[in-house]
Amino acid sequence: MLSKRGIMKSLCGLAAASALSLGMLAPAQAQNAPGILQSVVQRGTLRIAVLGSLPPYSRVLPTGEAEGYDIDIAKRLAEALKVKPEFIISDIPARVTALQTRKADVTIADFTRNVERSTSIAFTNPYLVTTMRLLLPANSPHKTIAEANEAGIKVAISRGGTAERAVPLNMPKAQIIRFNTQADELNAVLTGQADAMAEDNFYNGNAIKENPGKLREAEGDLARAEIAIGAPAGDAEWLRVLNLFVDQFNASGDNKKLFQKWFGFEQPPIQAKY
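Last residue of the sequence shown? That's 274 in our numbering, and every number before it is there in order.
Simulated from the structure, these hints should not be mistaken for lab results.
Just so we're clear, the structure is a prediction, and the values are computed from it rather than from any experiment.
Among the clues, some could well be false.
Derived lysine-lysine pairs resembling DSBU-like cross-links, with alpha carbons at most 30 Å apart [claimed, not checked]:
(1) Lys-82 - Lys-154
(2) Lys-257 - Lys-75
(3) Lys-214 - Lys-84
(4) Lys-143 - Lys-209
(5) Lys-103 - Lys-154
(6) Lys-257 - Lys-84
(7) Lys-143 - Lys-103
(8) Lys-143 - Lys-75
(9) Lys-82 - Lys-256
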């Protein structure tokens, strides 16, 4: 099993070797724009797009400091590359645009990889597998997704998120209300503006815990989600480095420790189930 030090040593060696090889390019090639890895190393910072209101994945404290599972993963990646993390607080739609505009080097934000998104950005191998479920007020009369659909309830979803496809597919009779953040979705449910919200079941579990007696999940899944690191498209070297980090992060047991720290239970298997 790989140790945290082993992950850092492997990635640092890869970063150094890549930077050296880039420095030895022919003059004509050297005039080209540097790759993301070279830019990160030269700049000394890794720019990471994260969500500001998705506990326990990530949240911004009153002090302005970010914390959470995804935040710790981002710090591990920056540490492995021997650079400092620079957090860019984003909402759901900006997870993609931050990469397309090169405002961010990576997005680590409960980011589900899928074919549609992969036409404009790149994804690593997954570091987490979860499901999307329906979060309801505790006193809701609907026990299942099917019952909620038949009632034509109002469902809050994240604009540009996985629910954009999952909810219409599974709940064609539902009325959809779109928000830019999960915090706004949750507030809509708690205040009666929406009858339910569709979100990652790990987020739902935390919301239920933080609002005792007020929320519960409906029976059934809306979608399966593989959570991965997002990267700008077209840079194979950068994606190779990120995949190496993810693979070693998973294999070392470090991922399981961070998940246990933030979610309070053992991490489910990451392997795909078909």
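Pair hint Lys-143 and Lys-209, alpha-carbon separation not exceeding 30 Å: holds, 19 Å
Take the C-alpha atoms of Lys-214 and Lys-84, compute the straight-line distance between them, and say whether it is at most 30 Å. violated, 40 Å
Satisfaction of hint between Lys-154 and Lys-82, Cα-Cα up to 30 Å: violated, 47 Å
Hey, Lys-143 versus Lys-103, does the alpha-carbon distance stay inside 30 Å? violated, 43 Å
Given pair status - Lys-256, Lys-82, alpha carbons within 30 Å: holds, 23 Å
Taking 30 Å as the top limit, are the C-alpha atoms of Lys-257 and Lys-75 close enough? holds, 14 Å
Is Lys-103 close enough to Lys-154, meaning Cα to Cα at most 30 Å? violated, 35 Å
Agreement of Lys-257 and Lys-84 with the hint, judged by alpha carbon distance not exceeding 30 Å: With Cα atoms ~22 Å apart, Lys-257 and Lys-84 stay inside 30 Å; holds.
Given the hinted pair Lys-143 and Lys-75, is their Cα-Cα distance within 30 Å? The given pair, whose Cα atoms are some 40 Å apart, is violated under the 30 Å limit.
Going through the hint list in order, the structure does not satisfy hints 1, 3, 5, 7, 8.
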